[in-house]
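Make the full structure from the sequences, and use the hints.
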Amino acid sequence: MSDADHSLIHDALFSVPKEVIAEHLAGLETVNLARLLGEKVSGFLDRSAHQGMADKVKTSAAVYVQTTTDTDLSFKLLAALSQLLGASPHQFRSVRDFDDATGDIIKAAVVALREEDKTFLGSSLQDLIQHTVNALFGEVGKQFDHLPQEKQADVLKAVRDLISRLPQEKQADVRAKLGVNDLSDEYLRHAVVSGSLASALAGAVGIGGFGFYMGAVSLVSAMAGAVGLTLPFAFYTSLTSTIAVAANPLFFLPALVGGAALIYSRQNRSLRRKLAVGVVVQLALAGTAIETPMTAENNRKRAIAAWQHATEALSAAEDERINAERGLETAEALSAEIATAAGHDAESFKTMRGALSAARQAVDTARQVLSVRTRTAAAAKDRYWGLAL
Amino acid sequence: MGEPSIIDNPRIDQLIRDGRLDEAMYEPLRTTSEPTVRLRGLLSSVGLQEDTAYGSLTLGDLLYDVIHVDPIVLQAAEFSHSHSIDGLFSFAVWAATFPASDVPSTQGAINGLEGFAAERLIGMHLEGQGHDVHFPDVSNEPGYDALVDGHPFQFKCLADVQGIHEHFARYTYPVIVNSELASDVAGMPGVYVDDLLHRSQVREIAESSMQHGTGMAEGHVPLLSILASSPVPLYRLYRRETDLVGAVSAIVTNTSARYVGGTIGGKSAAILGGALFGPAGSVLGLSLGSIAGAAVGRNAARIARGVLTKGDAQAVRGAAIETATLALESIPLKREAWEAKRAAVVDATKFGKATVIGSYIVARHDDDFVYMNDRARELARFRSELQSVDPSDVWKHLLVLIKRAGIHANVIQEPLSRLNVLTAGLAASKSRWMA
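First to last, the protein sequences are chains A and B.
The first sequence: position 128 = 1280 (my numbering), numbered continuously.
The second sequence: position 276 = 317 (my numbering), numbered continuously.
Mixed in with the good hints there might be a few duds.
[Stated by the list, open to error] Capping the alpha-carbon separation at 30 Å, the derived lysine-lysine pairs in DSSO-like fashion look like this:
#, chain 1, residue 1, chain 2, residue 2
1, A, K1329, A, K1309
2, A, K1322, A, K1303
3, A, K1329, A, K1208
4, B, K391, A, K1453
5, A, K1208, A, K1170
6, B, K437, A, K1270
7, B, K351, B, K437
8, A, K1309, A, K1270
9, B, K394, A, K1453
Simulated from the structure, these hints should not be mistaken for laboratory data.
Printed below as a string of structure tokens:
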């Protein structure tokens, strides 16, 4: 694995539109097995029930876009990926820190996929991408038969459009791989279901580039929508197998009667790790499509400055919290001292009542200050949570 | 001249003509880095991947690495056209610092050029690993060719080990040699292998240089173009292509008979160990191979082993602390070297268009400097927390940190060898008590 591979990920993190980062982040935070099961139980056999999850992701992403800066979103996504995949925490004070961090994330993603998907035997980002692209096109064939007739026609048209976007000679290559000259509906249907189209299109991703890839993702997403699942492909491909498990009575009957905590925990972890791997792949592919490297570089520099600022803010907030804690201790000690002195002597209670009241006020104020400071410190820490601030 | 150009991205040329040098720095050198090609590279064969990896280098990457080795090359640059930058990397520019009296137009000249090219190539490879390399103003310093992080080193590109023995008969300076000698020098104290330096390639560069423009004066022999058109990854790609954690893990868990996977494929763990950590590294694979097996055991046995092997574990930690301490002690000299290099770059970029390049190079230098210092701090923290680290894992973490901090193996050879022996002893103890 090379630093060039690593930089694909952070180039994407710092140059793709904010909305994309927000959607990845919202997906990782929102999707879990409990929610999927909830939807499954509430709308059993009602495939449109999954729409609710997609809406939740979109709503959460929209909130992020409104309330969070680009830099914060990128850091949050890095943190979420690190946490889900179990990658080492990092500081971000120089460009090479991003290489190290994304390198660790890629390694963790490879390990995660090998553990979660026994058909994956790869060891590099390249292997991850190839496996995922093949899975993507494989889904076209798997889902096709479930579609109503008119949707099948739409899919065939979309496939033909997709191929027509390739240069002429490359279209000929695809036809040659499929073994036909004329991409008739009948033949395309056969190619889709048999899987031969999948391998021909997977090979064409490299030829067609990122635009072609995105077209293919749209196609799969559209098909997924037709069967009631409109999440982005990264989520979609990861969800299908998990949903199959979750929908199996052998899984969810024990879950309903309890005692399935372990199964749940494993499946949920598996689902979320696969989602994270999907996001890593998506980012790497997006990283290959970057046209303006200077934008990524400038955003990275801004991120380093933001990290520095956050470090200082956290340090200042911690200092203030400690000071507030000391202030509270002093005020409480003073208050107790005055109360004790007043208790010994009724006369002095009268004269010291004012002082006691002031001391109690000071305690209240100190408590409030401490509360605010603690929240500030926690918020500062939470802001880049998991990234070794 | 017919050689492939380093830069074939027309946008670079346009930006330079428009006076937008700062933007040109972020442009990829080649149009092979077009999105479609990049994606194809990512999804296809290794050969194309290498090409894509090269294509992902920007003009800034190239200038940074080359100028970091030889700030003086900037003085020859005009920055008026991409060809003038290609010219910047020509052998002729570097060779201008080579004393003409040493270069008669004979076989002797080729030999002289070979030595010169090898020096520069080793320098670039070391830079790629995070070291500072300084070539003394007067060439042919007795016994050493360059200062690496402030320490004198001899660079040699030889057909056999005879020259190495001759060197050690007179001097004690460590030597860095070409890859062909890797198996001959394995375990030889003070000898390190540059596994990217190939004698045949160096010879080709020198001979091309003689064919074009009588060797030096007017010749446009793009050294890096030759490298770029070869399947061997470039200087900076050395770092890019080396998965350090994976490499170290491979040395720990593999024997020399097994190959390191991924992009490093083809190098045996022992050779890789030699390249990364010198003589001690080259034998680590063999002696530490048993650790992986010893580390696999039942929990109960682990606790029992923990008690019975406590002394061995403490000895490993002691050697690790010593290794980390020596590594940390080398940091101040390295910092001085880096600061001197920064001053040299600033000095060489005072005027004209070079100031833009200078700002870029200095910013990158400062960024790398922050990284290096942070890793040094991390190393210091690791040393202070060593008591809580599993002794079987100590060496892997330690070496990754040392490499990331850009500390040359020469600094830590002695305690590293001891750590090697002690860790092997620990593994043996664990095996014994596990049985």
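- Which earlier hints turn out false for this structure, listed by number in ascending order? Violated hints (numbers, rising): 3 and 8; every other hint is consistent with the structure.
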